[in-house]
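Chains as they are written, first to last, in the numbering used here: chain R, 1 to 479; chain G, 480 to 759.
It is worth saying that the hints were derived from the structure and are not from the lab. Heads up, a few of these hints could be off.
Stated by the list, open to error - For lysine-lysine, the following BS3-like pairs were computed, each having C-alpha atoms within a straight-line distance of at most 30 Å:
(1) R:225 to R:285
(2) G:486 to R:225
(3) G:613 to R:356
(4) R:145 to R:207
(5) R:276 to G:482
(6) R:289 to G:744
(7) G:673 to G:713
(8) R:273 to G:600
(9) R:356 to R:288
(10) R:285 to G:713
(11) R:225 to G:744
(12) R:225 to G:600
(13) G:613 to R:225
(14) G:713 to R:225
(15) G:508 to R:198
(16) G:673 to R:356
(17) G:673 to R:285
(18) G:573 to R:289
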Amino acid sequence: MADMIPVPERMKMSQRPMPEQDPKKRTRNFDEVPLGYKKGDAIYEAQRCLQCDPPPCVGGCPAEIHIPQFIRKIVEEDFASAYLEILKTNNLPAMCGRVCPQEEQCQRVCVYNKMGKPITIGRLERFVSDWARKQDTKEKLPEIKKKRKLVAVVGSGPAGLTCAADLAKMGYDVTIFEALHKPGGVLTYGIPEFRLPKRIVESEVDKIKELGVKVVTDFVVGLTKGVDELGEEFDAIFLANGAGAPQFMHIPGENLNDVYSANEFLTRSNLMKAYKFPEFDTPIKVGKKVVVIGAGNVAMDAARTALRLGAKEVRVVYRRTKEEAPARVEEIAHAEEEGIVFDFLTLPVRILGDEKGNVTGMECIKMQLGEPDESGRRKPLPIEGSNFIMQVDMVVNAIGTTANPIVARSATSVQTNKRGYFMVDEKTRATSREGIFAGGDITRGSATVISAIGDGKKAARAIDSYLSSGGSLRKKTPT
Amino acid sequence: MPKIITKREIAPNIISLKVTAPLIAKRVKPGQFIILMTDERGERIPLTIADYDRENGWIRIVFQVVGKTTAQLSQMNEGDELFSLVGPLGNPSKISNYGTVVTVGGGTGIACVYPITRALKEAGNRVIAIIGAKTKDLIIMEEEMRKASSELLITTDDGSYVRKGFVTEVLDEVLRREEDVKKVWVIGPAPMMKAACEVTKPYQVEMIVSLNAIMVDGTGMCGSCRVTVGGETKFVCVDGPEFNGHLVDWPEFMNRLARYGRQEKLSFEPHEKSYGEKNG
Ligand SMILES: Cc1cc2nc3c(=O)[nH]c(=O)nc-3n(C[C@H](O)[C@H](O)[C@H](O)COP(=O)(O)OP(=O)(O)OC[C@H]3O[C@@H](n4cnc5c(N)ncnc54)[C@H](O)[C@@H]3O)c2cc1C
Ligand SMILES: Cc1cc2nc3c(=O)[nH]c(=O)nc-3n(C[C@H](O)[C@H](O)[C@H](O)COP(=O)(O)OP(=O)(O)OC[C@H]3O[C@@H](n4cnc5c(N)ncnc54)[C@H](O)[C@@H]3O)c2cc1C
Ligand code: SF4
Ligand code: SF4
Ligand code: FES
């Protein structure tokens, strides 16, 4: 066991940085960029934790992780116990440790944050779960009586996986229905290998299957079977189908050959492994000069993927400034280190092409910030006459996604708002139809992995109380 | 797992497979398609459901070997299992009793137009079906099409069977001779569908085409399959696959079909070699 350092000394210790792959090397491979803490790094960082009581950090974590407790186990060098402590509330720690916006969640409320050096809770979480995966640490679950109630979960992203795992631990018989041939949602098809290796997603999904959760892939709810039909076979349903439909800007030239939606570009590369073409059959194209529209996590992933696929120059255009960019600070920094060029206050107005459909350039207009709008952000306004043409031969559109109506159309009496998202009770995730619950991006628009996990947990609890009090969808006909 | 129960080469390089898929068979309607993968490293490719048996739980697909994935699929045998099969995808054809209608199938498009033709006739329409291919050997499903239609017209590009000429010429003759054709369905290679749209335009008849855009997920998630119809962007997999042919931006659509030409060759060439060796 490592020493417990006296508090005043602890407070003088600095934050342990994350070892990373050299930017020059990493743009030529798809290996993970942050390399992960070594044992010594983790223990050092854990020793800094003040073990606050009550711990403010926990309030910042939608997965309700017992943060000081697991950190203490790291100091004690009992990594297995640290892992089991995390698993009590979070079924997907290896993923959260990597992609959670920690700086806006747990770490933002850590007492050290005021001093600018919060405990790197996410990195510690990643260390512990990676250690456990290598050791094959297994959770010993108390014997529970199986409940003869069937729950269907639509979608296998973080919301669906979490809800399924929590319900399985309570003894329910859970089946996940997934449209694609592989489970994981955005974690599998969207987030690239160099941020979240797919073997890690697979291993966390496998652990959930070991809890007894059945995963049926190649099943499009709404087409293979509708929600109403599932309601005749299951006692409760959790809808977690994500907000996967790509949006376009509706500017001329958007359907030229080398204009991709980020979803297509990333799905080809991640889900279909086109970055290994022709070893894998799905093709992907990358231009010499690529421009990505948007500045969220999705845009950063698309830009960095293009670079790794061999683009000579990759630019990101965004109509607001860096301050408003929705991507994680860390991801923008990574992109900049890798040589991606940012054009802020720039709005595309037209994509130019030749008669064969090849992209030859993109016309943009410069913007300036005006008065704050309803969202409190200063509204970008075009500067008249500032149009210019950017020399590019490929465009990736990463301006966002919206609800896909396939699931909702097959669900009688489940209300959606005007943007197509399911309307739910914040606390219970209950929809307007008894026995049907919903969570994740399909209830709020594209958000974060951790908010989806939070929804999954709340829904699991609400479904348990619904079913334990005798509720069942099978007895009800939709009205 | 979806298993191949029967396999027949119904014409040179055109193969018909019956595959177990009870859930898909139960729900499918004419005009819908599936997406399959032969193996884990494979591509997701869309194929139309050419026939189905709800009771016995199978669907039939008919495809032409044109590249790596279709070649790989053609080498699978009865008893083999597909890695992945999902469906039924896309919107069903709008079947109703319209009166007199014409259905046109070119090449493997014949297989795609077959279930629509059959359903239209069952709904009470007088269905004039036109099928065509390059040469006699490539005319497929003639008997099925004859049964499914009220009148069947056949043509070959080289005149080796029934008559010489393109389906578009036969379509023009039918429209000239018939007073009151309510709707025309045309399914086949893009240039043929485009030409058919030009033929039907002067007759002001409703013209439906089924677009074979390049797809990935087939559920509206990627936008690979997008096409401009009447000035608006549509996704073939969820808004189609059937559209009013007179409103489709054909040059754009055809450009997009050729998007991966270079990569497809790269992927097929090594495979073509081994395929050639195996098939003598
Ligand atoms: C490229 C990219 C990068 C991102 N980076 C981050 C990040 O760094 N940090 C972060 O916190 N968040 C990030 N996000 C956002 C985050 O991934 C999502 O908010 C989160 O995955 C939402 O989870 P979910 O469970 O609601 O849905 P999803 O992960 O979208 O999963 C939904 C699942 O449902 C399936 N489905 C859809 N329709 C049907 C149907 N009809 N029948 C059956 N199944 C269906 C889908 O195929 C999918 O597998 C990123 C998103 C993207 C696209
Ligand atoms: C809704 C729909 C229904 C179809 N039905 C049939 C059918 O019943 N019978 C049949 O023979 N063919 C059908 N096709 C076309 C079939 O999908 C392609 O022939 C097949 O994908 C070719 O794959 P490949 O790897 O063998 O050839 P490749 O060498 O990869 O491609 C050859 C050509 O096929 C097209 N193509 C390639 N990849 C895709 C893809 N992922 N999705 C769509 N098209 C692609 C391209 O135009 C390409 O130039 C249909 C297509 C669609 C969209
Ligand atoms: S899951 Fe996210 S919010 Fe919770 S402790 Fe881990 S990194 Fe922090
Ligand atoms: S707030 Fe920070 S220091 Fe306090 S227990 Fe949480 S992680 Fe440790
Ligand atoms: S194939 Fe992906 S949206 Fe149509």
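Review point. For this structure, which hints from the list above don't hold up?
Key: The structure conflicts with hints 1, 8, 11, 13, 15 and 18, although it agrees with all the remaining ones.
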